Amino acid sequence: MNIVLSGKREICGNILSAVLGENGVKRLYFGEYFRGEPFAEIEAVKEPSVLVETWDLSGIERILEVNGVFLREFMSIYKDTVVYLIESPEENYLCLKGRIIPHYWSPRDNIDEIAREGRFRGEVVDNSTFLVFYENRFFAVKCNQSINIDVKESEVEFSAENMSKDFVLVASGGVSKEAVLREVSSAVKNPLKIAGLRAEWLKSLLSKIPSLQTKRKDFIDLWKYCWYVILTNRSVVENHPILVKPFNMPTKYVFRHQWLWDSAFHAIVLSLYDVNLAKEELYNLFHAQKPDGRIPHEIFLSKTICRRLWRVDDYCPWTTQPPVIAVAVKRILDKEFDRGFAKLAYEKLVKYDEWFSLERDVDRDNLASYIDYLESGWDNSVRWDDPIARLREQPDYYHRLYPQARMAPVEAVDLNCLLYVQRKTISELAEALGDYETSEKYYALVEETRKKILQYMWDEETDFFYDVYEDTHEKIMVKTPAAFLTMFAKIATREQAEKLVEHLFDPKEFWTTFPLPTVSADNPKYDPRGYWRGRSWINMVWFTYWGLVNYGYLNEARKLALKVIELMARGPTCSENYDSSTGEPVGAEDFGWSTLILDIMRDLEKEQL
529 MNIVLSGKRE ICGNILSAVL GENGVKRLYF GEYFRGEPFA EIEAVKEPSV
579 LVETWDLSGI ERILEVNGVF LREFMSIYKD TVVYLIESPE ENYLCLKGRI
629 IPHYWSPRDN IDEIAREGRF RGEVVDNSTF LVFYENRFFA VKCNQSINID
679 VKESEVEFSA ENMSKDFVLV ASGGVSKEAV LREVSSAVKN PLKIAGLRAE
729 WLKSLLSKIP SLQTKRKDFI DLWKYCWYVI LTNRSVVENH PILVKPFNMP
779 TKYVFRHQWL WDSAFHAIVL SLYDVNLAKE ELYNLFHAQK PDGRIPHEIF
829 LSKTICRRLW RVDDYCPWTT QPPVIAVAVK RILDKEFDRG FAKLAYEKLV
879 KYDEWFSLER DVDRDNLASY IDYLESGWDN SVRWDDPIAR LREQPDYYHR
929 LYPQARMAPV EAVDLNCLLY VQRKTISELA EALGDYETSE KYYALVEETR
979 KKILQYMWDE ETDFFYDVYE DTHEKIMVKT PAAFLTMFAK IATREQAEKL
1029 VEHLFDPKEF WTTFPLPTVS ADNPKYDPRG YWRGRSWINM VWFTYWGLVN
1079 YGYLNEARKL ALKVIELMAR GPTCSENYDS STGEPVGAED FGWSTLILDI
1129 MRDLEKEQL
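Numbering-wise (this note's numbering), the sequence shown opens with residue 529 and increments by one.
Quick caveat, the hints were computed from the structure, so don't treat them as lab data. Nothing here was measured: the structure is a model prediction, and the numbers come from that model. Heads up, some of the hints might be wrong.
As the list claims (entries may be wrong) - Once the Cα atoms are required to be at most 25 Å apart in a straight line, the calculated DSS-like pairs of lysine-lysine come out as:
#, residue 1, residue 2
1, 1018, 1053
2, 693, 705
3, 969, 858
4, 1027, 876
5, 574, 625
6, 1087, 1134
7, 607, 680
8, 773, 745
9, 1087, 1027
10, 705, 680
11, 773, 818
12, 1027, 980
13, 721, 858
14, 969, 871
15, 858, 876
16, 717, 773
17, 879, 979
18, 625, 736
19, 680, 554
20, 773, 705
21, 736, 752
22, 607, 736
Said to hold, decoys possible - Label pairs and their calculated CB-CB ranges:
#, residue 1, residue 2, range
23, 724, 917, 36 to 46 Å
24, 724, 962, 44 to 54 Å
25, 724, 916, 47 to 57 Å
26, 721, 927, 18 to 28 Å
27, 549, 704, 38 to 48 Å
28, 1094, 692, 31 to 41 Å
29, 728, 917, 47 to 57 Å
30, 533, 724, 32 to 42 Å
31, 962, 721, 21 to 31 Å
Glycine included, every Cβ here is placed at the ideal spot set by N, Cα and C.
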């Protein structure tokens, strides 16, 4: 099996990834440890012209015209080694420059401070090789000709003058100085070996993907590409105290660590490929669970980055994320019941649910609250505008309820639908494992959660579900796709589901070019390119699709799915999100949970896709 694309400029290995620009390697990342910006920039009098570019399983090949000279450019990555080649038929007198710095989270970060905290240092090995160190990681860069190397306090700059006709630049990262130096010495002598190993690795992975029964070539191309994304986002981090198992980064080009709800979605997709990979995807989250039961929002590769971003001396922040883990656990166990995994998941989910009851339910009504917009997963959503403003008006009052709150506590409709599913899953697992007392306890809690969602969150005038403030149960009248999780969880009544479907297919609300914008299109703050303020995300499509199926709206589910699949298949693309008014892919490339479309395609296949 092969995948051939035109115009794709991103390539990744294990925790190493790179992105081509118009004139060389624009960005290179080694996890959350090092970055090259640029890594290899061709300096020319005139901006290079890209004449041909082809991406396939072996790497990226381009033909460039630079100063009237035609160059062949090739880049490949295998594991944590990158090779970059420029071939010229004649002497070109071109120069190339690059730099390696410690990783940062925001462009506003102080690189000098980060370098000091992570003990960054550079070292010249010889006239063609240098090494950098940061947070117990090494990264070596080597060329097949002499280069100028300038070691500074927080970066290493390098340049190659009068590049040879067969120019080779390689780099490799790892935990051993000797190993990375051996790797670059080997790769610079035989760079095409890296391309061969990469192609073999990817062909092996893709040979095991399930087939898709459809006559649509563009759908098959999307199917293969999304499998490439979910399988190559898998990562192994050596010598990490929490990331002890392989896991999927959301994308290796932006979000290079593990997130809670992302991994739950990844596990759902991986269960279609290999149920053991799906289970493995959740192990780090279970391992990271805190003594009080909280499963953290994210697990950073770099403690320095986490400390600077969240002001905690840990690899994890103090927040959680939408509790989708139980959804993934149920999917995995429905696929293949493993008593050992079921027992582990059960124990972890019970502790997690108890944490929500103790730490996110101050009014003890069995509905939990978000107290931080980032913990919601819907970072800058219109949903949180008023709660953030309300906390600013009464900080003392809200901080008495929750000292760490960054917005007025919100009993969010999606959060509590997911807790309903979690509590139901716990009840079922308890019964399967013979813990009947806990099963009955959680069954009662399930019913109480459902009743409270229906009591407080449904609005009779607008026929819609809304978030509510925890302290007053006043509705926050912002329509979002979170409401459709009441159908996913099977909480909505038949009559309510019918009304929700009307909202879904209203072009003024959620039936936009790319359906399900993150705020209804009739909201004054709707922005079709706004991150969580109007873009469309595939996880919301997935929840809504299965919600429609749950209530027997099979034609409507198919209509929703096909509209989304058609747009994604145009590339194919598997982007972080999409402009809801145009369908244009936006956000990060090769985004993990967007592969949830594979689960939808697999279901649609039963009726012929």
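Could you grab the alpha-carbon distance between residue 773 and residue 818 and see if it respects the 25 Å cut-off? Roughly 18 Å separates the two Cα atoms, so the pair holds.
Per the hint of 36 to 46 Å, is the separation of the Cβ atoms of residue 724 and residue 917 within bounds? 57 Å, violated
Compare the distance between the alpha carbons of residue 1018 and residue 1053 with 25 Å, and conclude whether the hinted pair is satisfied. Not satisfied, since the Cα-Cα distance of roughly 30 Å exceeds 25 Å.
Could you say whether the range 47 to 57 Å given as a hint is met by the Cβ separation of residue 724 and residue 916? 53 Å, holds
Are the Cα atoms of residue 969 and residue 871 separated by 25 Å or less? 18 Å, holds
Decide if the proposed pair is consistent with the structure: residue 736 and residue 752, CA atoms, cutoff 25 Å inclusive. Judged against 25 Å, a Cα distance of about 11 Å means the pair holds.
Verify the CB-CB distance for residue 549 and residue 704 against the hinted window 38 to 48 Å. 31 Å, violated
Starting from residue 879, check that the Cα of residue 979 is at most 25 Å away, please. Cα-Cα ~23 Å, so holds.
Keeping to a limit of 25 Å between CA atoms, is the pair of residue 574 and residue 625 held or broken? At roughly 16 Å apart (the allowed maximum being 25 Å), residue 625 and residue 574 satisfy the hint.
Is residue 721 close enough to residue 858, meaning Cα to Cα at most 25 Å? 42 Å, violated
Given the range 47 to 57 Å, decide if the beta-carbon distance of residue 728 to residue 917 lies inside it. Holds - the Cβ-Cβ distance for residue 728 and residue 917, about 56 Å, lies within 47 to 57 Å.
Need the status of pair residue 773, residue 705: alpha-carbon distance at most 25 Å? 23 Å, holds
In terms of the numbered hints stated before, the structure departs from hints 1, 2, 4, 7, 8, 13, 16, 18, 23, 26, 27, 28, 30, 31, listed from lowest to highest.
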